[in-house]
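The listed protein sequences derive, respectively, from chains A and B.
Position 128 of the first sequence, counted from 1, bears residue number 128 in our numbering, the numbering being contiguous throughout.
In our numbering, each residue's number is its place in the second sequence (first place is 1) plus 144.
In short, the hints are calculated from the structure, not lab data.
Warning: the hint list may mix true and false statements.
Straight line, CA to CA, 16 Å or less: simulated EDC-like cross-link-like pairs of lysine to aspartate or glutamate [claimed, not checked]:
#1 A:Lys48 with B:Glu275
#2 B:Lys279 with A:Glu42
#3 B:Lys205 with B:Glu217
#4 B:Lys203 with B:Glu217
#5 B:Lys203 with B:Glu214
#6 A:Lys47 with B:Glu275
For each label pair, taking beta carbons as the anchor points, the in silico distance ranges come out as [claimed, not checked]:
#7 B:Arg202 with A:Leu66: 26 to 36 Å
#8 A:Glu6 with B:Glu214: 37 to 47 Å
#9 B:Leu277 with A:His72: 39 to 49 Å
#10 A:Trp10 with B:Ile278: 34 to 44 Å
#11 A:Ala69 with B:His215: 35 to 45 Å
#12 B:Val206 with A:Lys48: 28 to 38 Å
#13 B:Gly213 with A:Leu44: 25 to 35 Å
#14 B:Val258 with A:His72: 19 to 29 Å
#15 A:Pro73 with B:Val230: 34 to 44 Å
Facing chain A, a subset of chain B residues (Cβ under 7 Å, in silico) [said to hold, decoys possible]:
#16 Asn207
#17 Leu212
#18 Ala226
#19 Ala259
#20 Leu262
#21 Ala266
#22 Gly270
Note that CB positions come from ideal geometry on N, CA and C, so glycine has one too.
So the chains spell out like this:
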Amino acid sequence: MINWSEFTPWSSLLGGILIGVATSILLLINGKIAGISGILGEALSAKKRELGWRFAFITGLILAPLIYALFHPLPIAATQGGWSTIIIAGLLVGFGTRYGSGCTSGHGICGISRLSLRSIAATIIFMLSAALVVYLTHHLFIKT
Amino acid sequence: MAYLSSLIAGLIFGLGLIISGMTNPAKVIGFLDVAGNWDPSLAFVMIGAISIAYFAFRKAKVNPHSALGEHIEIPAKRDLDAPLIVGAIIFGIGWGLAGYCPGPAIVSVAIGDVAPVLFSIAMLAGMVFYELLIKRLLSK
Numbered sequence: 001m002i003n004w005s006e007f008t009p010w011s012s013l014l015g016g017i018l019i020g021v022a023t024s025i026l027l028l029i030n031g032k033i034a035g036i037s038g039i040l041g042e043a044l045s046a047k048k049r050e051l052g053w054r055f056a057f058i059t060g061l062i063l064a065p066l067i068y069a070l071f072h073p074l075p076i077a078a079t080q081g082g083w084s085t086i087i088i089a090g091l092l093v094g095f096g097t098r099y100g101s102g103c104t105s106g107h108g109i110c111g112i113s114r115l116s117l118r119s120i121a122a123t124i125i126f127m128l129s130a131a132l133v134v135y136l137t138h139h140l141f142i143k144t
Numbered sequence: 145m146a147y148l149s150s151l152i153a154g155l156i157f158g159l160g161l162i163i164s165g166m167t168n169p170a171k172v173i174g175f176l177d178v179a180g181n182w183d184p185s186l187a188f189v190m191i192g193a194i195s196i197a198y199f200a201f202r203k204a205k206v207n208p209h210s211a212l213g214e215h216i217e218i219p220a221k222r223d224l225d226a227p228l229i230v231g232a233i234i235f236g237i238g239w240g241l242a243g244y245c246p247g248p249a250i251v252s253v254a255i256g257d258v259a260p261v262l263f264s265i266a267m268l269a270g271m272v273f274y275e276l277l278i279k280r281l282l283s284k
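Turn these sequences into a full structure, and let the hints guide you.
Shown next as structure tokens:
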């Protein structure tokens, strides 16, 4: 059993390696970038480009916990904030990732892996922005 | 074949997110909470992923053709423009509020919890709103 509530360098490193392998498969076999917000957002755009591989990838993501649960109990996911916070956060993440052309996977992993200056800047900015929000909500007790 | 490799890539990506701890919003917040009881685990996720993907992107740069004969599309934009910066700030606010970014939210849809489903629906709505806004701006 992995205790995810503590510092987990090894399981996090292993998980990261799997993410790197998956990114490499999609890049070198399909020729596509594994940026989740791009995969989702482009499927929702008016152009509806290449829906097939996008749906296949998303299906894989959704199946992952079901496959994992066959072998191990799923880790506990402790939700943060009330319903209104979750809805507002979702809207901001959806809009922000599309407007900024990427999220943690597209900029943070794919972009940094190819040493893109845009992605390195975006990753630093969204991490600082997120850390500031966590500071405000957890240390200055601004209720969400 | 392209759909199968994409499905397998999605599955491995999802398993990686679960094993790494990214699908637990409390752990993500613990990583972002540098002033509190900081949990640096998620930096290891990035180290693991980048150390593998770096070589894949290097290979793609040398030979931009995928195993299935597709041209490998690498984003060409280079400038640090306002949408990149503003978009990253907005995304960061949402990420810090709920602890979900797009991948982990979608992976968590089928775990039987309401929060990730609600978050994902709102996230898709935010993406649709972006499409409508861009379409509106372009047609002017």
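Hint check:
no.	hint	verdict
1	A:Lys48 with B:Glu275	holds (11 Å)
2	B:Lys279 with A:Glu42	holds (13 Å)
3	B:Lys205 with B:Glu217	holds (10 Å)
4	B:Lys203 with B:Glu217	holds (13 Å)
5	B:Lys203 with B:Glu214	holds (14 Å)
6	A:Lys47 with B:Glu275	holds (10 Å)
7	B:Arg202 with A:Leu66: 26 to 36 Å	holds (34 Å)
8	A:Glu6 with B:Glu214: 37 to 47 Å	holds (42 Å)
9	B:Leu277 with A:His72: 39 to 49 Å	holds (42 Å)
10	A:Trp10 with B:Ile278: 34 to 44 Å	holds (42 Å)
11	A:Ala69 with B:His215: 35 to 45 Å	holds (38 Å)
12	B:Val206 with A:Lys48: 28 to 38 Å	holds (32 Å)
13	B:Gly213 with A:Leu44: 25 to 35 Å	holds (28 Å)
14	B:Val258 with A:His72: 19 to 29 Å	holds (23 Å)
15	A:Pro73 with B:Val230: 34 to 44 Å	holds (41 Å)
16	Asn207	violated (9 Å)
17	Leu212	holds (6 Å)
18	Ala226	violated (10 Å)
19	Ala259	holds (4 Å)
20	Leu262	holds (5 Å)
21	Ala266	holds (3 Å)
22	Gly270	holds (2 Å)
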